[in-house]
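**Q** Listed below, chain by chain, are the residues.
Number of protein chains: 2
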Amino acid sequence: RNVHKHVFSVLLALCRTPKGTWPWGKNKNFVMEMRWHEKFSIIFPDFTKGSGLLMSENKSNRYTSGAFHPFTHVYTQSDVMRVIEHARMRGIRVIPEFDSPGHTQSWGKGQPNLLTPCYKGDVPSGSFGPVDPTVDTTYKFMESLLKEVKFVFPDSYVHLGGDEVSFACWQSNPNVRTFMEKMGFGKDFTKLESFYMESIMNMTAALNRTSVVWQDVFDYHERIPQDTVLEIWKGETYQAELSRMTKAGHRVLLSAPWYINHISYGQDWRNSYAVQPQNFSGTEEQKKLVIGGEVAMWGEYVDATNLNPRLWPRACAAAERLWSDEEKTMNADLAFPRLEKFRCELLRRGIQAEPLFVGHCKHEYDGL
Amino acid sequence: RNVHKHVFSVLLALCRTPKGTWPWGKNKNFVMEMRWHEKFSIIFPDFTKGSGLLMSENKSNRYTSGAFHPFTHVYTQSDVMRVIEHARMRGIRVIPEFDSPGHTQSWGKGQPNLLTPCYKGDVPSGSFGPVDPTVDTTYKFMESLLKEVKFVFPDSYVHLGGDEVSFACWQSNPNVRTFMEKMGFGKDFTKLESFYMESIMNMTAALNRTSVVWQDVFDYHERIPQDTVLEIWKGETYQAELSRMTKAGHRVLLSAPWYINHISYGQDWRNSYAVQPQNFSGTEEQKKLVIGGEVAMWGEYVDATNLNPRLWPRACAAAERLWSDEEKTMNADLAFPRLEKFRCELLRRGIQAEPLFVGHCKHEYDGL
Chain X
1 RNVHKHVFSV LLALCRTPKG TWPWGKNKNF VMEMRWHEKF SIIFPDFTKG
51 SGLLMSENKS NRYTSGAFHP FTHVYTQSDV MRVIEHARMR GIRVIPEFDS
101 PGHTQSWGKG QPNLLTPCYK GDVPSGSFGP VDPTVDTTYK FMESLLKEVK
151 FVFPDSYVHL GGDEVSFACW QSNPNVRTFM EKMGFGKDFT KLESFYMESI
201 MNMTAALNRT SVVWQDVFDY HERIPQDTVL EIWKGETYQA ELSRMTKAGH
251 RVLLSAPWYI NHISYGQDWR NSYAVQPQNF SGTEEQKKLV IGGEVAMWGE
301 YVDATNLNPR LWPRACAAAE RLWSDEEKTM NADLAFPRLE KFRCELLRRG
351 IQAEPLFVGH CKHEYDGL
Chain B
1 RNVHKHVFSV LLALCRTPKG TWPWGKNKNF VMEMRWHEKF SIIFPDFTKG
51 SGLLMSENKS NRYTSGAFHP FTHVYTQSDV MRVIEHARMR GIRVIPEFDS
101 PGHTQSWGKG QPNLLTPCYK GDVPSGSFGP VDPTVDTTYK FMESLLKEVK
151 FVFPDSYVHL GGDEVSFACW QSNPNVRTFM EKMGFGKDFT KLESFYMESI
201 MNMTAALNRT SVVWQDVFDY HERIPQDTVL EIWKGETYQA ELSRMTKAGH
251 RVLLSAPWYI NHISYGQDWR NSYAVQPQNF SGTEEQKKLV IGGEVAMWGE
301 YVDATNLNPR LWPRACAAAE RLWSDEEKTM NADLAFPRLE KFRCELLRRG
351 IQAEPLFVGH CKHEYDGL
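Chains as they are written, first to last, in full-length UniProt numbering: chain X, 1 to 368; chain B, 1 to 368.
Isolated chain X (complex conformation):
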């Protein structure tokens, strides 16, 4: 079964963007990052976990076979360029995520031999696992993909993913096991994942791009290039993780407390104000390495029908926490009227931002 998520209309997304003031929508495909020091925002469109594949104009089959439909359910290069330009005019950078070696089922549809064939006993089961890190063709493919990414995305960062890799399929495959032996990895598949990630981080560096990777890569493999930015998505222990990562000298993005696709009843935006990204055990130098946070709206349960009301104004709360003086914005009760006013402003501009609580907007009376 393909793990496609939802495809978003780029045009819809663009039309729905509040102009100039706030960061742009995100979801499984579009994930937004917001830095507080510089007060600008970055979008992470995730083209790989999702249904939308970046379509290379001249090699379309290769990238579009995994899409729900090769004409209607892909993002073309010109779609992407429109997004980047629209964002650029508003001071927003676009950083794509191409998440491997896991979350790549849709890639496998267009790229034979990219994914690891899973085995049942001595025979292939017919299903596929993560990218196969044991064959040269994988690295050739990744290099050509990253070159194309560099061509399409001007930003100096690229997110390489690296999260949630299941080892069961690798373990079932005799070629992978042979490779493990040859490399002296024993039974430790985290070493195999690290080997793969190190290769694509090096490729990325050779293309003069800086890698961002999910925390899994650091958790498995502490010796990763110093300038790689690490991103935290696991909620339970993020303060300890911040401490460890910055101690190792890495810059860090914090996303765990802002997974706002995890909805709950009531005013859950209040949680955003309780987050203190620099409140962990470490030196002042370490604190400075926490360069920002990211609001995530993963798209398992979100598409164009509910993206805007689910995202706004809940993302605004995270934005205020990241962009404003923490001391002055800790109190969620005091934040409430500010957010309420801003939500009315979004409505007035045509963004379907959901209500924070009972009430109404003053502009509803305008002209009466």
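Hints in this document: simulated from the structure, not taken from any laboratory. Nothing here was measured: the structure is a model prediction, and the numbers come from that model. Honestly, I wouldn't trust all of these hints.
You can't tell identical chains apart in this list, so a pair holds if it fits in one copy or across any two.
[Unchecked claim] Below, simulated DSS-like cross-link-like pairs (lysine-lysine); rule was C-alpha separation at most 30 Å, straight line: (1) K109 to K341; (2) K109 to K362; (3) K191 to K150; (4) K328 to K140.
We have chain X; now place chain B onto it with these hints.
**A** Okay, now just chain B, sitting in the frame of chain X:
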């Protein structure tokens, strides 16, 4: 502080109604009831907890003073008639709820002396509590309101509310305490509430209408008119409550397990399939008294920006549970493709129904 909820555009609601097949939207203002025996649906627009007040054309101040705005944030009689007619053409009945004695803060704005003045020590505090059940003017007002309701709503049922009455304000008021003494109620304010509810249920009967009330009224006061329909909203103990109410010979509506305004992450529509409204301790005769269920989408966090995606297709799951053979629809996994297909049908008709999970709709390829 006024406890106004959100006002819905009647026009929007009407335009967004799926035609002919499914029950119509609901929320704090519009709550939908679905009966499974008769396979028709009923809407409960709740005009009293909410911001929208039924506007009497010739006595407008009286009803509109509690609205956010007397022109833009009210439902007029002709709005209501359009809703009723639109619903009628689709086999849907509209039953209004006028919830008292609690949830009436907005009524107090237009109707002096209707609400109980709360006291702080020996002096009025300036705030108001539930309807004042100790003065004649209250009953005169309720009678004229119910007469108007009868004129506007043709259905034979009317929902009188009766839930969540706080006694603190009544207790603080010296006139109420004197009345309690005179009536021999002691310190038991549930008796005072029962006295009030009994009066308005009798009024309703005299107007040839059948009352629906929330479970609170039964919980406080078991001797209520036999033909009154009781509705269950408290989630924890609804099976025991079903048992008690039907043992007392009352017809019952079950809403507790379908409070779908209480959102959570993931496929919470699955819960609807686990509900067995007639699975409680009682005779076959008692089971027959459970005449239906109601999906509730109370509007504290819902308005026109998010009503449709939050309601659909989640309400469809409850509809199937209530309208289809329970034995044949217990399995939520088997229900998934049915719901998914129906959700695509809603999308095709222009209803912004949110996704059930990752995926796409076949009609997105039509004509390609």
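**Q** Kindly indicate which numbered hints from before are broken by the structure, ordering the numbers from low to high.
**A** 4
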